[in-house]
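Novice: Here are the chains, one letter per residue:
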Amino acid sequence: DTEVTQTPKHLVMGMTNKKSLKCEQHMGHRAMYWYKQKAKKPPELMFVYSYEKLSINESVPSRFSPECPNSSLLNLHLHALQPEDSALYLCASSELDSEQYFGPGTRLTVT
Amino acid sequence: TQLLEQSPQFLSIQEGENLTVYCNSSSVFSSLQWYRQEPGEGPVLLVTVVTGGEVKKLKRLTFQFGDARKDSSLHITAAQPGDTGLYLCAGLTSGTYKYIFGTGTRLKVLA
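Sequence order for the protein chains is X and A.
To convert, count from 1 in the first sequence and add 698; that's the working numbering.
To convert, count from 1 in the second sequence and add 27; that's the working numbering.
One chain only, chain X, in its complex shape:
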């Protein structure tokens, strides 16, 4: 099973709202990732968790707050977003030195 699940599939939120994106994997992978992808562009890395600890933060604004409650779950908490934050948010997981598997993504629209 190489499945990564993400919820919700679609999310519309106002600039004053607080919402969370959720990601889950049951492959026993030790690394989990958040990416942001704009239309017709490659994914841009936001955060990497390895062994449930934040190991990479690609200078992401503090209005995005990641959380890794356990080795299977990854959340992305959103607060006071801007319209330019509208994008497809992708979660992925991998083992060290191995390929990544992506979830289906959450289409976020900030109004």
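No lab work stands behind these hints: they were computed from the structure.
Check the hints yourself; a few may be wrong.
Per the computed footprint, the stretches of chain X lying under chain A, defined by three or more beta-carbons under 8 Å from a beta-carbon of chain A, are [to be verified]:
hint, segment
1, 725-739
2, 746-755
3, 765-777
Values in this document were obtained by computation on a predicted structure and should not be read as measured data.
Here a beta-carbon is modelled for each residue, glycine too, at the ideal position from N, C-alpha and C.
Model the placement of chain A on the given structure of chain X, informed by the hints.
Specialist: Chain A alone, transformed into the frame defined by chain X:
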């Protein structure tokens, strides 16, 4: 800064034609992945190549990793409309969790 350049950026071809997509870098990678992504969905892993000079085949798709592990190619034989999508290469440096994504090739196969 590690970069992966893909060429061409866009390709529109007729069903039954052959095509090759290139993924080039000045950096050495321990492995390289190819993904296909459809609009609004997450990237789907097609193949991982690890050894310099390695060739892998997946039905009508042939993947090659350069001898120096700096470049890769994807060749599609007798393209079909179902091959339409965004093709992404992603390189991994050994001992890290950070994948470098290529600039992407958008393929459209016309029936």
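Novice: Decide, hint by hint, whether the structure agrees.
Specialist: Now the hints, each set against the structure:
Residues of the segment 725-739 of chain X with a Cβ under 8 Å from some Cβ of chain A number 4, which satisfies the need for three, so the listed coverage holds. Figure legend: the segment 746-755 of chain X, annotated as covered by chain A; annotation consistent (4 residues with Cβ-Cβ distances under 8 Å, at least 3 required). Residues of the segment 765-777 of chain X lying with their CB closer than 8 Å to a CB of chain A number 0, which falls below the three-residue condition for coverage.
The structure does not agree with numbered hint 3 stated previously, though it agrees with all others.
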